[in-house]
Amino acid sequence: MQDQATRRPEPLLVVDGLKTHIETRNGVVKAVDGISFSVHQGEIVGLVGESGCGKTMTSLSIMGLVPAPSGRIVAGSIRFAGKELVGLGEREMRAIRGRDISMMLQDPLTSLNPVFTIGNQVAESFIFHRRKGEAPRSIKDKVVEVLQRVRIASPERFFSSYPHQFSGGMRQRVSAAIAIAPQPKLMIADEPMTALDVTTQAQFLQLLRQLRSETDLSIIYITHDLGVVARLCSRVIVMYAGHIVESGAVGAIYKSPAHPYTRGLMNSVPRLGASRGRLFQIEGQAPHLQNMPPGCPFHPRCREAQDICRQELPPMTDIAADGHRAACWFPQKTPLNPVS
Amino acid sequence: MYQLILRRTGRSLLAIIGVSIVAFIAVRMSGDMERFLLPPDAGAEDFARVRHEYGLDQPLYLQYLFFIAKAVTGDFGTSWRWHDPAWTVVVDRLPATLQLAAAAALIAFLIAITVGPLSAARPGSWIDRIGRVFAILGQSMPAFWVGLMLIRIFAVDLRWLPSYGRGDLSNLVMPAISLGWYAAAAQTRLMRSAMLNVLDSEYIKLARLKGVPEFYVIYKHGLRNAALPVLTLMGVQWAALLSGSVVIETIFAWPGVGRTIVEAIFNRDYAVVQAGTFMMSLIFVGANLTVDLLYGVLDPRIRNAR
Amino acid sequence: MSDARVPIADASAVRRSYRLRAFFRLPLPSLVILSVVVIAALFAPYLTPHDLDSFDLSASMTPPFWVEGGSSEHILGTDNLGRDIFTRLLYGARVSLLVGFLAVGIAGTVGTILGLVAGYFGGLADSIIMSIVDIQMSVPAILLALILAAAIGPGLGTVIIVITIIYWTFYARLARSEVLSVRARDFVALAQVAGCPSRRILFKHILPNILNSIIILATVEFGAVIIFEATLSFLGLGVQPPTPAWGSMLADGRTYIATAWWISVFPGAAIMLTVLSINLLGDWMRDRWDPKRRQV
Chain A
1 MQDQATRRPE PLLVVDGLKT HIETRNGVVK AVDGISFSVH QGEIVGLVGE
51 SGCGKTMTSL SIMGLVPAPS GRIVAGSIRF AGKELVGLGE REMRAIRGRD
101 ISMMLQDPLT SLNPVFTIGN QVAESFIFHR RKGEAPRSIK DKVVEVLQRV
151 RIASPERFFS SYPHQFSGGM RQRVSAAIAI APQPKLMIAD EPMTALDVTT
201 QAQFLQLLRQ LRSETDLSII YITHDLGVVA RLCSRVIVMY AGHIVESGAV
251 GAIYKSPAHP YTRGLMNSVP RLGASRGRLF QIEGQAPHLQ NMPPGCPFHP
301 RCREAQDICR QELPPMTDIA ADGHRAACWF PQKTPLNPVS
Chain B
1001 MYQLILRRTG RSLLAIIGVS IVAFIAVRMS GDMERFLLPP DAGAEDFARV
1051 RHEYGLDQPL YLQYLFFIAK AVTGDFGTSW RWHDPAWTVV VDRLPATLQL
1101 AAAAALIAFL IAITVGPLSA ARPGSWIDRI GRVFAILGQS MPAFWVGLML
1151 IRIFAVDLRW LPSYGRGDLS NLVMPAISLG WYAAAAQTRL MRSAMLNVLD
1201 SEYIKLARLK GVPEFYVIYK HGLRNAALPV LTLMGVQWAA LLSGSVVIET
1251 IFAWPGVGRT IVEAIFNRDY AVVQAGTFMM SLIFVGANLT VDLLYGVLDP
1301 RIRNAR
Chain C
2001 MSDARVPIAD ASAVRRSYRL RAFFRLPLPS LVILSVVVIA ALFAPYLTPH
2051 DLDSFDLSAS MTPPFWVEGG SSEHILGTDN LGRDIFTRLL YGARVSLLVG
2101 FLAVGIAGTV GTILGLVAGY FGGLADSIIM SIVDIQMSVP AILLALILAA
2151 AIGPGLGTVI IVITIIYWTF YARLARSEVL SVRARDFVAL AQVAGCPSRR
2201 ILFKHILPNI LNSIIILATV EFGAVIIFEA TLSFLGLGVQ PPTPAWGSML
2251 ADGRTYIATA WWISVFPGAA IMLTVLSINL LGDWMRDRWD PKRRQV
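Chains as they are written, first to last, in this note's numbering: chain A, 1 to 340; chain B, 1001 to 1306; chain C, 2001 to 2296.
Everything labelled a hint here was simulated from the structure, so no lab data went into it. As the structure is a prediction and not an experimental result, all values here were calculated from the model. Misleading hints may appear alongside valid ones.
Claimed, not checked - Simulated coverage check for chain B against chain A, where a stretch passes if three residues somewhere in it have a Cβ under 8 Å from a Cβ of chain A:
#, segment
1, 1221-1232
2, 1244-1254
3, 1287-1301
What the hints assert, rightly or not - Pair by pair, the computed Cβ-Cβ distance ranges are:
#, chain 1, residue 1, chain 2, residue 2, range
4, B, F1047, C, S2058, 45 to 53 Å
5, C, M2137, B, R1224, 25 to 33 Å
6, B, R1301, A, P335, 49 to 57 Å
Glycine included, each C-beta is placed from N, C-alpha and C at the ideal position.
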């Protein structure tokens, strides 16, 4: 197992054909409907899409926290460091959750418990995840150390403070501290910057990059902000309505997005230096995941849609040799021209 | 925080003044005050003496001030029934009432703190269903009836527990259960819904994501937050417990303040009625203040508020 | 474009089917029990062969008919004075319902109006009304009741007055907070701009919008009021003998709990079943019309 994880070709996380469905009063919601991707050691992958496209459910599936009993992983596999996570018992899953895979949530104000001190909440990551053979050191020292690692000045002072006494940026650093405290191999960050202002965002991105390079941490960064992905990630996965529609290196995808949906996303980002003009907007609404149209999930909003798009789900196909793949019957080959 | 305490104390004082006005006016309304202050066989010169002594020949607002001035020194007059100062009569019976109310509150809290979170953690499970049936039954049964049924079952039929009086712990069991019953039902209900809300929050999600075992998720992260609304309820419930103690003490012949007030009303022993009412309001107001303070201890956001 | 409509159409269909199901989940047992209580109160004299005032000391403490020594003449037995318990239960329903309806009705009307005024006009009216509410809520209700009962003297009127004085505060608080949220809505502003007089806005525009919550509160309070009445009667401060009330019947039976359980068990059971039904009905109404206030 150990040597599987370190051998370079085998990625740290392999998600294969994952389908997570949620039963509701009026039908099954196919929140995640057959997605496959992988994350390598030390890699930062951006997971992009509109709200409700299945990004969060994907991360909950990996964490083994799909809301039971309505939600269920119905097919596929999630292999982490060579170990299959789908179907793992709660006890074994808990040993991995929070220790090998950790997660940061959107809003640090609501995700930190208001009635416990910062020190207490960071310490929990250690208390419930003592590694065997680890030098026994006082928990407090460890907490202080990890607070230092997320660049919180004078952590001793903040140790016994409460979340409401911190600023938004500081709180998000604390969440980061909680996430990296057990020295995980993979961290899932679910839109962690929504609640931060622009300056703080820049500092926080810097922090994530530093953490990655210091510890060889892999990060799945979930967001709908393509600008952040461009600055942080090496690879990007675009999701739409429970499916992956395009994936590949950030450079390739930003230069010539193949899927009409990705192109739409790119066009809706205002760019500095681009000529003034109307900001592009994707027409229509994301489909309701309960009554998905047959064929390509994007076809009702796609200008290029043909008959086949309405009938058959396009498979992921290689666009270029560098791992750029897209699920579209008529992938665009031309580079995106911002001045169009 | 200090401002908060100050504000609450101010309100409490207002409440006590309110009670005193009601008590004062009520007793005046009920007819010749001097009749209540004197034994039934008193003569005319006694009346005149008492009228003057108690300032009954003064205007009403002066009488009230007079009454308050005496009340704050603990002078409510003499109980003609007990031939003791009314305040002493009430103070003597205070420990019994406090013991009963505290035992009832404890029972209620213990039930709420175990059943509430458990039913919230697994909505629809058997413990949740039992808890809900119990809660709705608790709200529908008069406390005095529960008391009577307990007496019939445990004192008359099974002969396990004594049916009246105050003595050792066995005397306390039935009164405390009948008194705590309603409070337990209401608290359990509130604890369940508060817990359901809390368990839905992001910090609970994060705690689970951290790999915190479910037991700690519920009892450490959940309980402390869910306890806040329950605590407020407990403050309000002191009123219900004290109110209930009036009835329960009567049933179980528990020598407390409540029973003494009821007896005093029937004996027209108005000095004791006023003293007892005053005492009850004091306890009540004190309990509410304690809850406010506890709130500060449990919730750091309030503790640090300006 | 067409699929943009899909979720909306979907949601209303869901709501419709949910309503239908909720309708059929009526708390039927509650309604049956409450109907029985109402019929008992209305037609008490026709439902029993016995006179209310008739007593027969020779037949005192006859047990219910299924217990040894019982007779079919007194199906639920007799009390210490030989009065038929079943008959007294029927008549006792009158007191409970009368007090319930009157006290809830008066307290509800007074409290709602004061709450409306406090919420709509704010300012001095608001401060005065709400400080009375605040102060009153920090006084144990039974103490207030005891003092008032002692002052006015026990009786049906006293009970209704006392309960009204205690319970109006709940309606005032609810009405006030509801008004504050409704007042912020556009149609009220519109009516104000159109020059609608305040009274008309309050009763034509605001009241209908908060009536649901008030009715739900009244239902829940109805049960509490019945218990409160029973408690006062139990203490001897309520309806005076020989008029039967469930609470005072219980008090009569207290002395005989060891020898004649039926004297106190049946009135207690009557109170419990009635209040339980009302509470279940109230819960159902709350789930049905007011999901945001559920379980509080």
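Outcome of the hint check:
1. 1221-1232: Since three or more residues must qualify, the claim that chain A covers the segment 1221-1232 of chain B holds, with 3 doing so at under 8 Å.
2. 1244-1254: violated (count 0)
3. 1287-1301: Check passed, 4 qualifying residues.
4. B:F1047 to C:S2058: 45 to 53 Å: 49 Å, holds
5. C:M2137 to B:R1224: 25 to 33 Å: 27 Å, holds
6. B:R1301 to A:P335: 49 to 57 Å: 53 Å, holds
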